[in-house]
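Enquirer: Here the protein sequences come in this chain order: A and B. The first sequence begins at 386 in this note's numbering and counts up by one. The second sequence begins at 386 in this note's numbering and counts up by one.
It should be emphasised that the hints constitute simulated quantities derived from the structure, not laboratory data. A couple of the hints might just be wrong.
Where chains are identical, the list cannot tell them apart; a pair therefore holds if satisfied intra-copy or between any two copies.
Claimed, not checked - Computed cross-link-like contacts, DSBU-like style, restricted to lysine-lysine with a CA-CA straight-line distance of at most 35 Å:
1. 392 <-> 648
2. 1042 <-> 901
3. 1018 <-> 922
4. 413 <-> 392
2 protein chains.
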Amino acid sequence: MKEQDRKLDELCINTVRMLSVDMVEAAKSGHPGLPLGAAAIPYVLWTRLLRHNPANPSWPNRDRFILSAGHGSVLLYSLLHLTGYDLSLDELKGFRQWGSKTPGHPEYGLTAGVEATTGPLGQGFGMGVGMAMAARFLGGCFNRPGFPVLDPFVYALVSDGDLMEGVASEAASLAGTLGLGRLVYLYDDNRITIDGDTSITFREDVVRRFEGYDWHVQRLGDDADPDAIEQAIRNAQDEEQRPSLIIVRTHIGYGSPKQDSPKAHGEPLGPEATRETKERAGWPLEPPFHVPDEALARFRQALEEGGRREEQWREMFEDYKRSFPEEAGRFDLQFRSELAEGWDRDIPVFRSEDGPLATRAASGKVMNALAERVPNLLGGSADLAASLKTLLAGHDDRNIYFGVREHAMGAIVNGMALFGGVIPYGSTFLVFSDYVRPPMRLAALMDIHSLFIYSHDSIAVGEDGPTHQPIEHLASLRAIPNMTVLRPADANETVAAWRLAISRPRPTTLILTRQKVPVLDVSEGAHAHPMIEGVPKGAYVLSDCTGVPDVILIATGSEVHLALDAKARLQEEGIKTRLVSMPSWELFTEQTQDYRDSVLPPECRARLAIEAGSPVGWHRWVGHNGDVIAVDKFGASAPGGTVYREYGFTTENVLSKVRILLGK
Amino acid sequence: MKEQDRKLDELCINTVRMLSVDMVEAAKSGHPGLPLGAAAIPYVLWTRLLRHNPANPSWPNRDRFILSAGHGSVLLYSLLHLTGYDLSLDELKGFRQWGSKTPGHPEYGLTAGVEATTGPLGQGFGMGVGMAMAARFLGGCFNRPGFPVLDPFVYALVSDGDLMEGVASEAASLAGTLGLGRLVYLYDDNRITIDGDTSITFREDVVRRFEGYDWHVQRLGDDADPDAIEQAIRNAQDEEQRPSLIIVRTHIGYGSPKQDSPKAHGEPLGPEATRETKERAGWPLEPPFHVPDEALARFRQALEEGGRREEQWREMFEDYKRSFPEEAGRFDLQFRSELAEGWDRDIPVFRSEDGPLATRAASGKVMNALAERVPNLLGGSADLAASLKTLLAGHDDRNIYFGVREHAMGAIVNGMALFGGVIPYGSTFLVFSDYVRPPMRLAALMDIHSLFIYSHDSIAVGEDGPTHQPIEHLASLRAIPNMTVLRPADANETVAAWRLAISRPRPTTLILTRQKVPVLDVSEGAHAHPMIEGVPKGAYVLSDCTGVPDVILIATGSEVHLALDAKARLQEEGIKTRLVSMPSWELFTEQTQDYRDSVLPPECRARLAIEAGSPVGWHRWVGHNGDVIAVDKFGASAPGGTVYREYGFTTENVLSKVRILLGK
């Protein structure tokens, strides 16, 4: 019996290995080394321990599994297909081909059962920490004695490369600090990187390092069989106070002629080596994509087992619903990414009489007004809570202290968004968004509800100097596809931006001032209303002239106020001036041509854009005949008002540029 | 005597503390907490151990000191002033004011004795590792028995924040792997971050973690006096095989009413607390910026001592010059950032007959051709050497294996460039330049000779899919002030780009293709010549029509070949077409208006830009009447040619866009 089990294990593991090899061969591109070496690890996890239901990849209480080493995607696709997810053998045959569900690296949203887009190393490691944090937070919100409605484990398969990346170090340190006991990472320790043996670059003692982070660390040798792997994972599950790292010694390209060589990593084995590998494994050479019935049956038990588990959970949840109807309702709502009726009821309207305030301060007020009715809004900053005004007063369980770890913060926010049930945000100074770019890109690519709040948004930061004054960041963030960037001009535009950020479950970035700015006094009507309608359109006429304008001023954020001053002076001089507030290029781009032409009439070519950031991209809106007041060099350390003035952000400079535009 | 020394030490340390406090008070902005808490550490280092000559901050064999916790800049400025660098007391009084040499965070190139621009946490940690690597490499090149012409130590003062940042983890792991024995970091362990006690975010066991990285770690308690600090540094110096971390328990805001509180970190103490602090320290309340003569005399010994040391070194160097004239000549040349006569003699010229090759391959050939005559060119990649073609064959001492650590790679490249005497490069896939942005920004801000080589530059990467296909990266890099970005179209443009990158000691980024592209056959004359002259101008007419063009095609990199095909077809249709190759926006922007108008005549408004990246920024060159074929969404996994075609990079699409532009 035992021997029979052992043989079935081997058959199943080889099925994963050979499917993986065949996918790479068919695509003539991919990474066979990791699946050959590491297949046993997820095999044990997926068939013996992972709580999941392949028939319903969105069951909230499933365990999460992340392939942080995303280049091993064929391993994941094999497992998904074999265990019964909606991924056919034909899709496996279409690996890395146009229109397939099996891209080169796993993509969330494209393939059922893929929990996170991975490939850029370290990101999966960080996102897993975020998932475990979301699970713990939501468990705290919803679990009741006898009703553990949310208690998943979060697993990941990580590689040398993941452990070398700084984002993993940051996330590991925070996970240790927080004692995330339901986080279990399996490290594929194959001692090989693309450039050679890991000894050339990575001699560190991983055990000691992770013990330093206060992780529970186990190390399995070469001889670890499925039972040993299972036992290690069970030990990790039993350790409730600390995250776990299980180091499994593996051999890249196992069983192939390229075993233990970097050549096994990122290219097909080739027909000859494939043949040799299959022969050694006692595998039929033909046909490719061979799946033994016995192996398939073993894997497909996941469907039955998973269905049973989910059903048990649903029964519990029905009882829970009766005992805790309000919680159950909230649970469902949150996991459907919906907001409770009246979620926006407490959002303030700001009045110019109340005096100027920084948009970061307005943002803090809005967030705190939202906190009560959006109970799943949570997040924090990279050690700048007071500066960023992102603390939710009276909600300590929702304030996350990320430490000085911007990169991990971004990955963790993504992980929380992926977990579901929460609306997570991360925040820091805009200049440090550079540290967050890799996860911001993934948020945009995955199209998830990650919110990034950046304050201290221009040279007006002042004294801290050029290292702390963003210049290129607005342009750089706007260039990321599918990322909506909003730079509100005042408190009420900030309100409108937050409404959008909360109600639209999409990746969104808010850019806020450090310095105080007036609350715009919109003479046309009631306060805030033009913003509420205008901001979601990306740009709108904030203040107009009668008739066709001679010149259009376009500004964002704090520069809107400068433009407003200039407009008044220009009107006095008889120059008909329109002022367009343009908080979001992306949203404006999405509008109809008619709307865009109504805001920026094609016949008015005298246009001046004003923004205290890089000019890159502004010519799209001002054209050849227009001009831009922007910043094309680094900032300087001095009081903010001085820097602002010295860099040309003065009414006089605006007037002078407009006069040149109009040939006066 | 001993007691007298103790008192002088205390007086000197308090001088640093109170100068620092007064600077922050005068500026009404800054960070008094770190200087108050940590002053003793650099005091001991600078007065007892640091080998430097304040009269000559560019002495090549000086020890390097980096204030990685750059927010404590007043500490550094105090030390620079007191030990006799060219930084007057008046400059200290102008802290954080317009035009001063004492900006909010230390800026390399602005203030004598500042070895690196710091402030963004973790960067100083990484740059120090780079300096130690450059020192070791150059020591290996130049030191001879009895002539240790280059053997400096590299010191840094690092903070909790530095240690939390991923870039520091990456750099620490690599420093341990390389056994950088002359790297000595002093950790200001004050247990306080901006958001509160470090226990909320940073509970890790730093000793264990750094021992895991194979560092030599010492821990000093609360009671460490100057002698104990000195002894620890001497121990660290004696440890030749491993980098050293000395953990010194300190108290942020020491001696002030805000001691051990986050409030001491980033705001002035205020008049009341300043008074109290000075009183407790027995310091005169008036005048501010008080420097006791006795303390000044002690600090200024650095001038005499440093002068003597440099003189001794110069005498040795004169002997060295006699014994090793060639080496000495090269040493001088390299530290003057000059190139040897004939440095470019071996650079190849490529011919179209030799067949197409990827610009990354051409780049590799150029680098290898340069290697012999530019012996201080060194660098490597983040575990992608074979893909990036950046290995210098036969020069193992110059090939750096950074591991999967892009961020640290960037910081290390900067550190090497700052050290001087070398031309360092780092390389990875363009999509992962996101991980390198923070140090790239610093390279640009410091205006140093850091080279960044990025390959796999578009959706044409193909199978690896959207996680590996850059979209926004070109636009994002172009937005960084003072960073020259070049995307050559073929092998000979690559030659021209490399010439510029090597000969102009400025921050430069090369963007290269994964896929093969033809070598452009320039019919007008000898091979490569139009590129050699055209590339440094940023854009040039690669292929023209007779008379005024009907349409101008503007392209970069691989898209130049597509444009060339389209041009031939357009000319056949009787549409007079000019093709402009535009490898660098920054260089083109620097040209005269006349030159720019000669390339892009204002009268020709029908312009089409073609680039397989984000459209952001292209409207500057094509204007309102023009159009852009670009990529405004993420890529897809499929063979590169398929993706390229599906995203509209076809001759047919170019023709169709041109016809629309011309109203045909």
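Enquirer: At most 35 Å between alpha carbons: which applies to residue 392 and residue 648, within, between, both or neither?
Expert: Classified as within; 29 Å inside a copy, 65 Å across copies.
Enquirer: Is the C-alpha distance from residue 413 to residue 392 at most 35 Å within one copy, between copies, in both cases, or in neither?
Expert: Within one copy only: 31 Å inside a chain, 74 Å across chains, cut-off 35 Å.
Enquirer: How would you label the pair residue 1018, residue 922 (within, between, both, or neither) given a Cα cut-off of 35 Å?
Expert: both (31 Å within a copy, 20 Å between copies)
Enquirer: When no copy is named, should residue 1042 and residue 901 be tagged within, between, both, or neither for a Cα gap of at most 35 Å?
Expert: This pair counts as within: shortest intra-copy Cα distance 26 Å, inter-copy 46 Å.
The structure meets every hint from the earlier list without exception.
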